[in-house]
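As they're listed, the protein sequences go chains A and B.
Start counting the first sequence at 5; every next residue gets the next number (the working numbering).
Start counting the second sequence at 624; every next residue gets the next number (the working numbering).
Watch out, some of these pointers could steer you wrong.
Said to hold, decoys possible - Using 20 Å as the maximum straight-line C-alpha spacing, the simulated SDA-like pairs for lysine to any residue come out as follows:
1) A:K135 x A:N164
2) A:K291 x A:K303
3) A:K109 x A:R236
4) A:K467 x B:E793
5) A:K105 x A:P280
6) A:K303 x A:T399
7) A:K381 x B:E691
8) B:K755 x B:D681
9) A:K303 x A:Q25
10) A:K421 x B:E677
11) B:K805 x A:I98
12) A:K467 x A:K478
13) A:K448 x B:K805
14) A:K467 x A:E442
15) A:K454 x B:E677
16) A:K100 x A:Q201
17) A:K414 x B:D681
18) B:K755 x B:R713
19) A:K448 x A:E466
20) B:K865 x B:D771
21) A:K100 x A:V86
22) A:K22 x B:E819
23) B:K805 x A:P452
24) B:K626 x A:K448
25) A:K381 x B:E793
26) A:K109 x A:N82
27) B:K823 x A:A34
28) A:K478 x B:L657
29) A:K421 x B:K865
30) A:K428 x B:H660
31) A:K428 x B:E662
32) A:K22 x A:Y459
Unchecked claim - Among the chain A residues that face chain B by a calculated CB cut under 7 Å, a handful are:
33) V20
34) W88
35) A424
36) F426
37) P450
38) P452
39) Y459
40) L462
Hint data in this document are derived by calculation from the structure and do not stem from the laboratory.
Quick caveat, the model's predicted, so the values are computed rather than measured.
Ideal placement from N, C-alpha and C gives every residue a C-beta, glycine not left out.
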Amino acid sequence: MRADPQNYVKVMEEEVVKRDQIEFMAQVGAVFNMLTANALGQLEDHGLAREQSEAIRENTVENLPELLEEFERNAVANGMEVLWAADAAEACAIIKDLAVKHEVKVITKGKSMITEEIDLNHYLEEEAGVKIYEGDLGELIVQMRGTAPFHIVGPAINLNIQQIAQTLVDNIGMEYTEEATEIAGNVRDFMRRQFEQADMGITGVNMAVASTGSIVLVENEGNIRWSTGAPRVHVAVMSLEKVAANTADAFHIMDMLSRSCTGQGMTSYVSVINGPKDAGERDGAEKMYVVILDNGRSKIYADEELRQALRCIRCGRCFIACPVYLTVGAYPYGWCYPGPMGAVISPLLLGLDDTYHIYEACTLCGGCESVCPAGIKHVEMFHHYRAMKAAGNETFGASRGSALERAGFKGWAAAVKNPALFEKSMGLLRFYLGLGSEEGQVHKMPGPLKAWSDYRDLPRAEKTFRQYWAEWQKTGKAENEAAAKADEGGRDNE
Amino acid sequence: MQKVSLFIPCAVDALMGDVGADTVELLSSLGFDLIYHEEQTCCGQPAVSAGHLEAARDIARRFIEIFEDDEIIVSPSGSCVNTVKNDYPRLLAGEGDWQRRAEALGERVWELSQFLVDGAGIEDVNAAFAGKIAYHKSCHILRALGIDEQPLKLLNHVQGAEIAPLNAAEVCCGFGGQFALKYPLISSTLVDIKTENFLKSGADILIVSDPGCLLNIGGYLHRHHPDRQAMHLVSFLARNLKGGVGA
């Protein structure tokens, strides 16, 4: 999909008032919190397993160039063709050329966020005149409705059964039903016909294994296996951080991914693909390509502080730990990556100026990092982005922040460093707040503080702490000490 | 008597002086000898959160100079403690001696409930309350400092107090400092959800232990549900001491 993060506030204002959606997402969050907690709890030592997955991702990202080269060597030896794409345009052009070369008319897809990132579907439909069907049920529904995925793992998670049924009535001629199994059956029949006639399957990559040159794909519906096994040509698209040193690392990550994502010990389908089919084999593609996409990630890798953004394994666990995502939904983020996961990666890929709402509309509550199996320190990252924006950063698209804000903080810092000035400012603030207050609560506030008082009151205690302390020093201290001693004696006797 | 240096956040000083006063009442009732450096102002968290790191570093160095001779520093704000403990060493990284001083200071700064339970071994402050309360788990106390059981241990020892389960107790109330001013619609929706959960708990008082949450939830309740109340943990304990100190 095309990125549009600048419209965050406008879209957010439309979404944040949808109390039904918020209520529903709260329930979704609660259910998945329980499922994932159970699945992780079943591990013999969850803490250790998480430390391992964090360490694996950290080490992998540290050694990214070497691991990618090793993967390429082994994948080529397995008969795959590896193609490198510097950016979205190059990746799209590469895949279009492959479609033309192999005379492709119909493409089926396995659910893949990376193809959303490069907006591949639109490009291929417009430039190569092919017909593309998303194979994942949720993604297919989203494709038919022409909206962005609501969640990287559950793209249609926000839709109710009526909306889903109607979408399928309108698009695949299904007879209206609200029976989930009937709906799934209808889609299964429809998709089966597409898989059978498809010339090319396009999938993402959950993990590329450097030591074996194979790719690992996990799913629950079978659409990925169809797309990799039935069409003549298979194109797997991966962003360059989706690599693991060896099979043990890859499967530990897949284990943590499944548990953190859907609360499963293992997904229904796990495919390990070692290359195109050999002579005499019945299933598999005749030609297999792996497209490795950079699209700004080398720049992230080059920065030691920001590099941890590449550890993400796309499990989606952080989404349901994010109060902001659960309240505003996916659409305000304006791209395929919403939630905390998107708030970490999108600003670096799209530029800090264009995405500042994404990392500023965050309470820094740390819910995301408390559950991240890849060990990303989200709060630290959002601190970095805010600092980069304030100071300016050419590499990641931050022009120097507002001069007014800078002057404001400079003045504020001067006051903070000067107790007399600080006390005066505090007195001034209390005076202004006092104008709109009664009985220790402020109801109306001026200027930017109006955003507060439009929705809630503000306590304004009768005295500042300093005033209280000065009085307590004079009178209260002696009394309290006597009372404490008497009380101490009383307790000893109990 | 053990000396305790008070780290009173600027927002408490300016707007919630009563919370600071309750901190004094509670700690002195427990026999601690209190010190308050009057030159203390703000820990700089707003500058850290807004990314104005030069201002934040300036303030951090000043804070360290003020407090670094104290053995025990206690604050009724986990959020501000987190700034000193976790942000200062990061901010001053690479400034050799300053980083070391920040780290050394961080080890002596305590969030109030953590100090009482883990530092001083006090779970029963000798308070009683006849009624139902609920407890909101502030983000920075729970996740940034890893303090979970300590506030509840203190509350569990309040004679007569019934603690009602609170749905989504660990979810953010939507304060977030400048977030509340920049994104008031999201912030007010989050505090509305927090309030709904509190009302459903059936408790009379929602106990919070960070001043930011108190500003937000307390202010929202005062506007929309004036019959219900949010209260800082330290105020709840201090105002319900059996001897009547501070009552």
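Now for the hints, and whether the structure bears them out:
Restraint check for K135 of chain A and N164 of chain A: not satisfied, since their Cα atoms lie roughly 27 Å apart, outside the 20 Å limit. For a cut-off of 20 Å, the pair hint linking K291 of chain A to K303 of chain A is broken: about 32 Å separates their Cα positions. For the proposed pair K109 of chain A and R236 of chain A, the alpha carbon gap of about 12 Å is at most 20 Å, so the pair holds. In summary, the hint linking K467 of chain A to E793 of chain B is not supported, as the alpha carbons are separated by about 32 Å, beyond the 20 Å threshold.
Simply put, K105 of chain A and P280 of chain A have alpha-carbon atoms about 17 Å apart, close enough for the 20 Å limit, and the pair holds. Distance hint between K303 of chain A and T399 of chain A is fulfilled; the C-alpha atoms sit about 8 Å from each other, no more than 20 Å. Restraint check for K381 of chain A and E691 of chain B: not satisfied, since their Cα atoms lie roughly 28 Å apart, outside the 20 Å limit. Distance hint between K755 of chain B and D681 of chain B is unfulfilled; the C-alpha atoms sit about 45 Å from each other, more than 20 Å.
Annotation: proposed proximity of K303 of chain A to Q25 of chain A is violated, straight-line Cα distance about 37 Å (limit 20 Å). Proposed proximity of K421 of chain A and E677 of chain B is supported: the alpha carbons are some 13 Å apart, at most 20 Å. Of the supplied pair hints, the one linking K805 of chain B and I98 of chain A is violated, its CA atoms being roughly 43 Å apart against a limit of 20 Å. Straight-line distance between C-alpha atoms of K467 of chain A and K478 of chain A comes to about 16 Å, which keeps the hinted pair within the 20 Å bound.
Distance hint between K448 of chain A and K805 of chain B is fulfilled; the C-alpha atoms sit about 17 Å from each other, no more than 20 Å. As the CA atoms of K467 of chain A and E442 of chain A are separated by approximately 14 Å, the hinted pair is consistent with the 20 Å bound. Of the supplied pair hints, the one linking K454 of chain A and E677 of chain B is violated, its CA atoms being roughly 28 Å apart against a limit of 20 Å. Between K100 of chain A and Q201 of chain A the CA atoms are separated by roughly 19 Å; this keeps the pair inside 20 Å, and the hint holds.
As the CA atoms of K414 of chain A and D681 of chain B are separated by approximately 10 Å, the hinted pair is consistent with the 20 Å bound. With a C-alpha separation of about 41 Å, the suggested pairing of K755 of chain B with R713 of chain B is violated against the 20 Å cut-off. Restraint check for K448 of chain A and E466 of chain A: satisfied, since their Cα atoms lie roughly 17 Å apart, inside the 20 Å limit. At roughly 25 Å between alpha-carbon atoms, K865 of chain B and D771 of chain B are farther apart than 20 Å, so this suggested pair is violated.
Straight-line distance between C-alpha atoms of K100 of chain A and V86 of chain A comes to about 15 Å, which keeps the hinted pair within the 20 Å bound. Taking the CA atoms of K22 of chain A and E819 of chain B, the gap is near 16 Å; set against the 20 Å cutoff, the hint holds. A distance of roughly 9 Å separates the Cα atoms of K805 of chain B and P452 of chain A; the hinted pair therefore holds under the 20 Å criterion. Restraint check for K626 of chain B and K448 of chain A: the C-alpha separation of about 41 Å exceeds 20 Å, so the hint is violated.
Our distance criterion of 20 Å between C-alpha atoms is met by K381 of chain A and E793 of chain B, whose separation comes to about 19 Å. Taken as a hint, the K109 of chain A and N82 of chain A pair is broken in the structure, with Cα atoms around 27 Å apart against an allowance of 20 Å. Only pairs whose Cα atoms come within 20 Å are accepted, and K823 of chain B paired with A34 of chain A is accepted, the gap being roughly 17 Å. At most 20 Å may separate the alpha-carbon atoms for a hinted pair to count; K478 of chain A and L657 of chain B meet this at roughly 14 Å.
Using a Cα cut-off of 20 Å, the hinted pair K421 of chain A and K865 of chain B is violated, with the two alpha carbons roughly 40 Å apart. For the given pair, K428 of chain A sits about 17 Å from H660 of chain B by alpha-carbon distance, which is consistent with the 20 Å threshold. The suggested pairing of K428 of chain A with E662 of chain B holds, with an alpha-carbon distance near 13 Å, which does not exceed 20 Å. The hinted pair formed by K22 of chain A and Y459 of chain A meets the criterion: a straight-line CA distance of about 18 Å does not exceed 20 Å.
Given hint, V20 of chain A at the interface with chain B, holds; its Cβ is 5 Å from that chain's nearest Cβ, closer than 7 Å. Given the 7 Å rule on beta carbons, the hint for W88 of chain A is violated: about 35 Å separates it from the nearest Cβ of chain B. The beta carbon of A424 of chain A is not positioned within 7 Å of any beta carbon in chain B (closest approach about 9 Å), and the interface hint is therefore violated. Because the beta carbon of F426 of chain A sits about 4 Å from the nearest beta carbon in chain B, less than 7 Å, this interface hint is met.
Annotation: interface hint on P450 of chain A violated; nearest CB of chain B at approximately 12 Å, more than 7 Å. Interface restraint check: P452 of chain A against chain B, minimum CB-CB distance 6 Å, threshold 7 Å, status holds. At its closest, the beta carbon of Y459 of chain A sits 4 Å from a beta carbon of chain B; the interface hint therefore holds under the 7 Å criterion. Evaluation of the L462 of chain A hint against chain B yields a held restraint, the C-beta minimum of about 5 Å falling below 7 Å.
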